[in-house]
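There are 2 protein chains.
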Amino acid sequence: MAVRTRDPDVLASAVLDGDRTALPRLLSVVEGGGEAARAVGRRVYTQTKGGYTVGITGPPGAGKSTLTDRLIGSLRGGGAEVAVLAVDPSSPYSGGALLGDRVRMMDHALDPGVFVRSMATRGHLGGLALAVPEAVRVLDAAGFPTVLVETVGVGQSEVEIAGAADTTMVVLTPGAGDGVQASKAGLLEVADIFVINKADHPQVAELERDLSFMMDLATWPNGWRPPIVRTIAVKGDGVGDVLAAIEAHRAHLSGGTGPSGLSLLEERRAARALSELRRVLAALLDRHVKDAVGESRYQQLMDEVAARRVDPWTAADEILRGVTGSGRDR
Amino acid sequence: MAVRTRDPDVLASAVLDGDRTALPRLLSVVEGGGEAARAVGRRVYTQTKGGYTVGITGPPGAGKSTLTDRLIGSLRGGGAEVAVLAVDPSSPYSGGALLGDRVRMMDHALDPGVFVRSMATRGHLGGLALAVPEAVRVLDAAGFPTVLVETVGVGQSEVEIAGAADTTMVVLTPGAGDGVQASKAGLLEVADIFVINKADHPQVAELERDLSFMMDLATWPNGWRPPIVRTIAVKGDGVGDVLAAIEAHRAHLSGGTGPSGLSLLEERRAARALSELRRVLAALLDRHVKDAVGESRYQQLMDEVAARRVDPWTAADEILRGVTGSGRDR
Chain A
54 MAVRTRDPDV LASAVLDGDR TALPRLLSVV EGGGEAARAV GRRVYTQTKG GYTVGITGPP
114 GAGKSTLTDR LIGSLRGGGA EVAVLAVDPS SPYSGGALLG DRVRMMDHAL DPGVFVRSMA
174 TRGHLGGLAL AVPEAVRVLD AAGFPTVLVE TVGVGQSEVE IAGAADTTMV VLTPGAGDGV
234 QASKAGLLEV ADIFVINKAD HPQVAELERD LSFMMDLATW PNGWRPPIVR TIAVKGDGVG
294 DVLAAIEAHR AHLSGGTGPS GLSLLEERRA ARALSELRRV LAALLDRHVK DAVGESRYQQ
354 LMDEVAARRV DPWTAADEIL RGVTGSGRDR
Chain B
54 MAVRTRDPDV LASAVLDGDR TALPRLLSVV EGGGEAARAV GRRVYTQTKG GYTVGITGPP
114 GAGKSTLTDR LIGSLRGGGA EVAVLAVDPS SPYSGGALLG DRVRMMDHAL DPGVFVRSMA
174 TRGHLGGLAL AVPEAVRVLD AAGFPTVLVE TVGVGQSEVE IAGAADTTMV VLTPGAGDGV
234 QASKAGLLEV ADIFVINKAD HPQVAELERD LSFMMDLATW PNGWRPPIVR TIAVKGDGVG
294 DVLAAIEAHR AHLSGGTGPS GLSLLEERRA ARALSELRRV LAALLDRHVK DAVGESRYQQ
354 LMDEVAARRV DPWTAADEIL RGVTGSGRDR
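So the sequences go chain by chain: A and B. Under our numbering, the first residue of the first sequence is numbered 54, with each subsequent residue one higher. Under our numbering, the first residue of the second sequence is numbered 54, with each subsequent residue one higher.
Copies of the same chain look alike in the list, so a pair counts if it fits in one copy or across any two.
Under the rule of at most 20 Å between Cα atoms (straight-line distance), these lysine to aspartate or glutamate pairs were calculated in the EDC-like manner:
#, residue 1, residue 2
1, Lys343, Asp370
2, Lys102, Glu300
3, Lys102, Glu357
4, Lys343, Glu357
5, Lys288, Asp253
6, Lys102, Asp70
7, Lys343, Glu88
8, Lys102, Glu134
9, Lys102, Glu320
10, Lys102, Glu319
Calculated directly from the structure, the hints in this document are not laboratory data.
All chains should be built: construct the whole structure from the sequences, respecting the hints.
This is the structure we're talking about:
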């Protein structure tokens, strides 16, 4: 029976009990931020089921949505349920199929084994970099064994969001200067798999050569060098190869052992959890600092330091006095 | 008259009055950190004279010290005074010519227009990333129109330190896989000038081609694409070209106007000052957090979050309560 409330606790309980009709509203709570989102975060954190997250990023127009759509189809063909978070940091819209290219995923709109959700910037403290992993945990706790996180472009926050996955796929297209894009945007660092989509383009070999050259310059401390997979997503060509590459990377992470003795997958997840703690702490401290010092005084101090009229230690002292509510730290 | 005290205020006054015999002890105070270093930092910050900073970084064995030595010689030949900070984050030693290759600079030991100083990790809160800019300001305030900051290797902190200069030079050598090193270590991002030293090596053209290829993949929003200068530092070949490249970059920064209407040089320095404020604030907050929560409890919380037994928000709340000394933020 569908739950009609907006109470975060009731919604979270419903989802944890398997009622997915409560998912959209619970995700809205997460996206909206504030104490309600934090309450959901606390509630769900220890209830996750170890589902696998795949990040998908790349320049606009690379065909990420089409590829995602094809991946959904293949996964569903094998009987597996799948959830998709489509993240657009620049969009004021959110909460469903509001983005134009989301419409394509409507193919799966009547399939209860597929859940698609768009997320954009809302009021969440710490922004999407914190809201997205919380949303992923909600979907995981709701029982989806695979969550695909697709970002719209290659802005820094988008790359970070897609990079915070178990396996991160970077989708590029030939003839679009995508080697340049990849290099500039920090895509090389986050890629576990490169997908060259629209691989019927004449310059496909050139892009593959550029990527290989750049990879030759790097090192692969954990023994995984990102494979390059060619696809023509609109025709469905190569989609099976992409799934095979994801499975191979997953097996590599699960089978390998890191310096701590845990599996590479567990280490990767532990590092993500710590990085999330640091973000949360930085966001809370930042808010606290601005509240305590006052937004306008804070900006004024930044300006004075930039103009070299006030030294950083004096400015930091004043800010810290505001935070701790005392003058002792002078 | 030489000042024999270790009192930071007296030392700072002496240096600001032109007594360079007090410089080594004043720099030791800066390196040592603590309240004394901060007092010096506050005192000197507004007394700087706008001197020019050149960062020199690159892999060990690239010939940075030899090149630095030659640059000193050329600058002195033109009558200009010059100070050198040789930074080695990994060395437990500091305070002068303790590093082996510092001995070379002893050529200039009797020249009062040259000041050479090694710096290593000491107790400075925030580490060398904060101690080095403070030391540079002390040398600037002491009247040196040029400060060369040379780092030993290409660790992340070394690259950051050398990158926090008005002009940053990256020194590479052919046949050593330095294209690989440069790419991995983030050297491409900080370089204003590439120097290919030991340019009599047969693979010099190969390294130059690799660098050019990687630069083709980048963009140069301010209209400065790093030139590649060939040198044979042991023979003095190309040293004049390096100085000319530094001068060209300096003219570019001074002559260009950034988005704020300031010169590119002023914008670069303002951005550095803000980044320093953020570092100072982060270091003070970090210390404050660990003091307030207790180092062992802090580590325990990190471990619990990494193991997913505690969620980041709950951990951050506990930490923040410690910082603000209240339970209100729950």
